[in-house]
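So the chains spell out like this:
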Amino acid sequence: MFGIYKDGEITEMAKALFQEERQRKRLDGWFLAKEIERLNEEKYQGMDAEVKKAHLLCDVMRTIPLNLSENAIFVGTQRDAFAKSYALINPSFKVEGFSGYCNPTAIYDDIEPNEIFSKERIESMRSHTEKTPMVSMLNKVYTKAENYTKEVIFFVEQVTGHVIPDFRAALKLGVDALIREANAKEGEFYEAAAIALSCVKIVIGRYLELIEKQKESCDENRKKQLEYLEQALGQINGGPATNLYEALQLYLILWQIMCMEQAPNPYAFSVGNADRIFEPYRKDLSREEAAELFKHFLVFYNVGDRSWAISQNVLLSGRDNEGNDLTNMMSYAILDAYYDMNLPQPILSVKLHKNTPAKLYEEMGRFFFTPGVLTPSLFNDDALFEVLRANGIEEADLPDYSVAGCQEPLIMGKDNGNTTNSWLNLPKVLEMVLTGGISAVTGDKLMETKTCELTEVREAFYKTLDQVMDEMVTAANGASVALAQLRVPFLSSFMGGLTYGADMRDPKKQGTRYNGSGCLVHGLTVLADSFIAIDKYAEKYPDGRERLVNAIRNNFEGYEDVREFLLSCPKFGNNIEEVDREAAGIANKVSEMLRSKKNYLGNPFRPDFSSPSTHLTYGYWVGATPDGRKSRDMLGYGVDPLYGEASNGLGFRILSNMNLPFEQFNGGYASHLGVDPKYFRGDTCEKKGLEFSENIIQPLFFNELKEGVSPFYLYVNVTTPETLRKVLENPKKYAPSGVYIMRIHGTFVNFLDLSPAIQQDIITRLDLQSTHIGC
Amino acid sequence: MHIFQKGFNFGQDGPGNRLVYHLQGCNMKCIWCSNPEGMSISGGKYFSVDALLDECKRSRLMFYKGGGVTFTGGEATLQAEELLDLLKKLKEAEIHTALETNGTSPRLMELLPFIDYLMMDFKHYDSDILKKYTGMGNEQTKRNYEKICGLNRQVHIRIPLINGINAQNPEAFAFAAYLAGYSNPNAVYEFLPYHEYGKEKWTQKYLVSDGFVTGETVALFKKTFEEHGLKIIAT
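In order, the protein sequences belong to chains R and U. Sequence positions in the first sequence follow the working numbering and run 2 to 776. Sequence positions in the second sequence follow the working numbering and run -8 to 226.
Chain U on its own, in the form it takes in the complex (with noise of 0.2 Å):
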């Protein structure tokens, strides 16, 4: 597997202390991106599954609090083939497993089984507005999450607020709506509001100019999404 970055983070990328793998390639293309090393489909170090197999062994002591490992990216589910692998041998050695993902993948259904805690990024209800921004429309992202919803599984639904593209006034109703169609009693929603940890990292123009939004727009999101009997999250 081709990892960009690891290491370990406590309760912000699932649940307890987990080490994070960073994997290489993504197939959106965010404009407020905060890993833009990892878009690139090649580059990153390669890994086989059975040492990354030994390290999460080896790192038992350090899943503490419920944690475990989290597969991140980029975008973590390009690597399929080899992440089913892994996943699998990792709930065979009983470590807790989580992955992060923005939804796009066919294969999601798949991996699902092997993964104990699903955090699944939800950047626009809009299809158009979601492809202007991130190369990507929102097909298959809300197909996976109708599914998740049929299931009745847990799932944590991350939408990262970036004033000037998703955080307008009338924007959370569309949001709360479209995400409240679907009944799921496992399912938590969490608003990430815009930062710029990442802008230093990227190469090529950076093009959010004002992305933050105020903690007025953030309590708007939470109403609503409330009135809409959305369970929110803050981790």
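Just chain R, with the same shape it has in the complex (with noise of 0.2 Å):
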């Protein structure tokens, strides 16, 4: 095909390609693709539900409208089946608009109406989707638990997307294949995964059409390259994939009948290895080849114009069970596809382990030390291996984990943990117990908690934890019930429903060979440093109970002396024992309880201790803190130290860190780390990528002191608050293409497109005075 097109023509297509959709204004697709759903309904009354909605998607994928830019190289589109609500990292994000009810209708506030979609045929799918057994069922488990939601001690939801589909077998045996050994079953789910994968070449031929319109008013240049295009879509409609070109291809329709059965707004989708993926494919195509072809692959994954975050990550390297590199030639092109694209999306990972090659960390260089220029995630496969293994992940599947949104560790095509089902507030939780169970916020009575002495505390603690655990689990299965009347057919065929004979949303039948579901633990650093802070306060002043509880109702306004006292106790992150064993026995103990509680299906809560800026938003619910944090502001961010507390430079920080018990984890975990360029002296990017490898990475990760369980996770934002400040200043300077890509915890964002709240928690929490190294 490199004969078609000229040098450098394919990348310039796939830039050209991604500004077009950065034009991109409204997305509809999923409107449409709601009301072609109603309109069809009817037909098949009566029906089991996944063949219902398999043939709903039929329907679907027949009717909404497609397209072909000149400028594509492959056909197909995700941007039809997102909404444009992100409600996390959009531009219109405030840290004080967090809602504790998530209400599946308000969607249709997302869509502006105009002449093609008024007013009243908005509203009208919106009084539709209104009466739907979903909607119903989740608006009871909302209305049960809103003393609890409202303030955020704790928050439930009903997750999409979120899981690693397997696409291997479709692309090496062809989807024929696949419906051949669904039709060699019985049962209603094989039915349905038949119907469902006959998709593929209904949106195949609906492209050929298409292909076969665009050639009558072509030159003879771009009917080339569209009949190579025609030649690859032939091959594999039905058939498996024989070259990159047609894996690519065939991957990407893939991936968007999955995303056009969840929408809207299926999020955090991931891709797993891309590497391991297609490098079977690759064959004698070269490094910069197998790179201009998977450029087009990265503008995929970028929806609308905001590029704003919908979490889909692709992940390289790594290693196999006995400790081999699988780093290959597929590795670095992406790589180079990655660095030249810089796209907002998708997000890219990265797995280490204690063999990872020199190359890989001289390859990376060039991301962390690019302002700018997007940075990967870090995956410690040594310590990852041990986490899952220990939670019951078979020896074979370990090298196939990859992460569902932005860090939760996940099996590729076996496993649907239900990552973000739940959501836990420690600090809140630590303020009942402290006011008798009013809000310190609001004044408002949210549940019922006797008073403790200070001294007893702990006890206390975890006895109303365990209590507020149980309505969240009651709640968070409750959300999951619900979301089982959205069948998922076409995603289950490659979630293990070929082999289980299950949609991977039954709520009374396993669909997958691994299931959980998540619960995201918020405020541990705080939790922790408030205990220690408690002891000291007591210690001192042992009739002080009264008068701390009133600091803290009062923002410590009238108690100064009080937080004064509170912030000089020994704070997380500083390499203190005290309190960092307090930081891990919290996490232990935590850890363990929730692991006790079972979801729909009778498996155990996986706990993450990860906070996708909810440490901000959680943290507005949250009152004064015994560590002397003052109400509604921020939360540590994952196990981080709140910034600001660890102020010793980034050797004790990571020492503090060791000491948390990674092997609990198995829902994952966040950490960041904001470090200043001028640590790295190198004179290339290459060697400033080794200098990373020696002096964050190596420690952190492939300490050969450290006892137990490695951490397992990280990502960095190599920068400082000045470089920031002026990018905000003066973005055309800085940023003259308009997109300068940040970090924000598992995925990229624009910086420039954010909201101002986010913005400044991206600056605030560089924290550059907890990371320095060196004096």
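It should be emphasised that the hints constitute simulated quantities derived from the structure, not laboratory data. Warning: the hint list may mix true and false statements.
Claimed, not checked - Residues of chain R clear of chain U, computed beta-carbon distances all greater than 10 Å:
id, residue
1, Glu21
2, Glu387
3, Lys590
To be verified - Computed list of lysine-lysine pairs in DSSO-like fashion (alpha-carbon distance at most 27 Å, straight line):
id, chain 1, residue 1, chain 2, residue 2
4, U, Lys82, R, Lys707
5, U, Lys56, R, Lys537
6, R, Lys688, U, Lys(-3)
7, R, Lys355, U, Lys48
8, U, Lys79, R, Lys679
9, R, Lys186, R, Lys173
10, R, Lys16, R, Lys733
11, U, Lys82, R, Lys537
12, R, Lys141, R, Lys688
13, R, Lys355, U, Lys56
14, R, Lys541, U, Lys122
15, R, Lys688, U, Lys222
16, U, Lys79, R, Lys707
17, R, Lys360, U, Lys56
18, R, Lys688, U, Lys56
19, U, Lys192, R, Lys727
Every value quoted in this text rests on a predicted model; they were computed, and no experiment measured them. Where a beta carbon is used, it is the ideal one built from N, C-alpha and C, also for glycine.
Hints in hand, dock the two standalone chains.
Now the structure itself:
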């Protein structure tokens, strides 16, 4: 095919295609999909839920408008599956905007009425959706849990997306082979799977028609390109992919249908190890040629004008069961494609292990040390294999772990982790214990708790936490059962459905090899600092309970001396034994409590100590805390120290971090380092990449002196607050393309597209004092 | 012990990853100093020897790749009594120790048995010129160097190269001639080209106007030293 395209033409087209996408102001496809489903629903009355859904998916794929840009070398889009409403990090994000209610019809507020989509048309669909069983079940869940969710003692949600489909068999054998497999088995799910999988041929057929039309009016050069595309589509129209071009094309079509099945907003699907998936198809293509094709693959993952985070993750590198490195030529080609395109999506993650070649660190240097360029998040395979193994993952499945969304480890094609099903706010629970269940923010009575002496605060806390967890689990399972109303036979076919004969959302029969439900635990280090500060306070002021509680209720106004005392107590992140031990103890205990709770299928909840911007939104609903933090201030991010509290530099911060029980975090955890580029003195990015490895990765991930499981996740931003302020003040000078990529929790963002609150959060959490190297 | 700064660093203050303590107070007043805040004898935060020992023990995880604890300054040997106590205790705890010194302490030989890795500055071969820019001559430093060489003991000699002060053409020869006059198979030599990382910390007038040296100058020093049989390293 490289004879058909001029030198560099494929890259130019990819860049032009991305610019086209950035011009797209409306995303209406999801609405049309919902209307198409509504229109056809009656035809399938009385059918089994997944068979009905499979038919509806075919109807959508038959009817939804498709188009093909002149800059495209592949067909396919996922834009029709998304609405403009990712609540966390879109440009209209406001810290105070959190609502304790997950209203599934709120999405209809996202579509702006115009001549085609009249207000009546939108309201008609909203009202139809309101009457669906799923919405009514979900409403019951939220109504019951309202007192707990309105100020986020906990929060629950139904989890769409958030898995890693395994498309390898489809690429290798062709979709016809999968349809045959489904047809050969008996049962409703298999029937649904065969119907759903046939969508691939529906879509390819429609694109072939489009190509035929475009050929009539295009120039000779484009005609040749389209003929090549036509030929590839002909091959994968049921058959296997025979080269990289066909493999990428088939993959994108599968992705398109998978997302449409969950429209609107199927967040956080991930590709998995793209290098391993596609390397077998690269054959005689060079690194440069493979990179050029992959650039179009990357553009596919950018939706709409805002390039907002839909948390789709591509992974590279890693190891096998024996510890051998699995980096291949495709890994480097993908890095090249990422670097040259520097797009806000999809997220890039790199799996590391103790035998990761120095070359990979060298090649990553350009990402970390070029301002405004995306940086991969980093996983430690050696540690994660141990964590996953201890939690029942079979040996053969370990190298296939991937991450759903930000950082939650799941097995590709086998694991439904419902990763964001529940969210727990530890400092808010402490507030309930200290105030007798009355909000220190609003004064509302939120729950029944007994007050306790300061010396008994831990016992009272864990007792209350258990009560809160039970309520949370009931609500979270309720949300999962409600979501089960919306079956996903197409996706399930790539998640083990063809083996287990069940939809992956089936609430009674497990359709995946592994299943669990996630709980994102917030405020670990604020709680640890608070417990230690309470101890010190009680020691010094044995009768001071009432004064402390009053100080908290009044946000320390009139109690400045109390706050001063609390702030002077030891804080996590400085290698101070008592507080580090406290944090580890909390993490252990909370994890064990969570793991003892069962989800809708009887599987354990998975502790995930991460806070994807929710350290802001949840912090907003937490009153002053006994560590001296003021009311409504943010909580610590993930397992990190609260900003400003760790002041002795990177080594001390790592030492505190190392004490945490990483083996407990099978749901994942989050940690971020803002690092000043001045510490890296190599004269090339490659050398700096190696220094990055020596100074940060080796001590943190592969420390030969560490006993037990090492940390396994990290993301970094190598920059300074001053640099970011300059970028904001003068974006034309510092980011002429309009794109300045930063990392925020698990994902990339275009720094310039963010709301001021999030921009400020990124700047604040760089917290360079906590990461200085040397003296 | 009075400490004005601490932190971890890799590969630049001794082998592996090291916890580096900057001890307050210096007997030299080098006009190019990158830690001028450590010059004054008063200041710094006080920590007992046992508190520091405890911190070092809790930091073992970070002493990877043969790392440990490094004492620098200021000039660490100005607090020789407590330093000796702490070095002994660190050795008992089997923690690798390093000292970075300007070599002016008459007590250096007393500390030596408890130092695994010694880094010593040799800023100028000419005592008068050295005194002009640092306030101190090089007599004691030379005595210490000669004794160390006599013992064939490990030493890492560091020579800051500063344009206009010690890096002119004939000076490479004079440096090498003196240093090579004392044979020591366990000595290595490193050049530290002038930088201005500490310039902004100076509250008094910064007196070096054009201290940067060229790559050619560094290469000339390297060649001259090697011709004298001196082993050059770069960290």
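A quick look at each hint next to the structure:
A cut-off of 10 Å between C-beta atoms confirms that Glu21 of chain R is not in contact with chain U; the least separation is 46 Å. With 10 Å as the threshold on Cβ separation, the claim that Glu387 of chain R sits away from chain U holds: the shortest Cβ distance comes to roughly 18 Å. Every Cβ of chain U is farther than 10 Å from the Cβ of Lys590 of chain R; the closest lies at roughly 23 Å, confirming the non-interface assignment. Note on Lys82 of chain U and Lys707 of chain R: the hinted pairing holds, with a Cα-Cα distance of about 21 Å set against a maximum of 27 Å.
Using a Cα cut-off of 27 Å, the hinted pair Lys56 of chain U and Lys537 of chain R is violated, with the two alpha carbons roughly 38 Å apart. Note on Lys688 of chain R and Lys(-3) of chain U: the hinted pairing holds, with a Cα-Cα distance of about 26 Å set against a maximum of 27 Å. Restraint check: the Cα-Cα separation between Lys355 of chain R and Lys48 of chain U comes to about 25 Å, which is no more than 27 Å; the hinted pair holds. Under the criterion of a C-alpha separation no larger than 27 Å, the hint pairing Lys79 of chain U with Lys679 of chain R is inconsistent with the structure, at around 35 Å.
A threshold of 27 Å between alpha carbons decides the hint, and for Lys186 of chain R with Lys173 of chain R the separation of about 21 Å falls inside it, so the pair holds. For the given pair, Lys16 of chain R sits about 19 Å from Lys733 of chain R by alpha-carbon distance, which is consistent with the 27 Å threshold. In summary, the hint linking Lys82 of chain U to Lys537 of chain R is not supported, as the alpha carbons are separated by about 34 Å, beyond the 27 Å threshold. This hinted pair does not check out: Lys141 of chain R and Lys688 of chain R have alpha carbons roughly 57 Å apart, beyond 27 Å.
Taking the CA atoms of Lys355 of chain R and Lys56 of chain U, the gap is near 14 Å; set against the 27 Å cutoff, the hint holds. Note on Lys541 of chain R and Lys122 of chain U: the hinted pairing is violated, with a Cα-Cα distance of about 54 Å set against a maximum of 27 Å. Restraint check: the Cα-Cα separation between Lys688 of chain R and Lys222 of chain U comes to about 24 Å, which is no more than 27 Å; the hinted pair holds. Between Lys79 of chain U and Lys707 of chain R the CA atoms are separated by roughly 25 Å; this keeps the pair inside 27 Å, and the hint holds.
Only pairs whose Cα atoms come within 27 Å are accepted, and Lys360 of chain R paired with Lys56 of chain U is accepted, the gap being roughly 20 Å. The straight-line distance between the Cα atoms of Lys688 of chain R and Lys56 of chain U is roughly 19 Å, inside the 27 Å bound, and the hint therefore holds. A distance of roughly 24 Å separates the Cα atoms of Lys192 of chain U and Lys727 of chain R; the hinted pair therefore holds under the 27 Å criterion.
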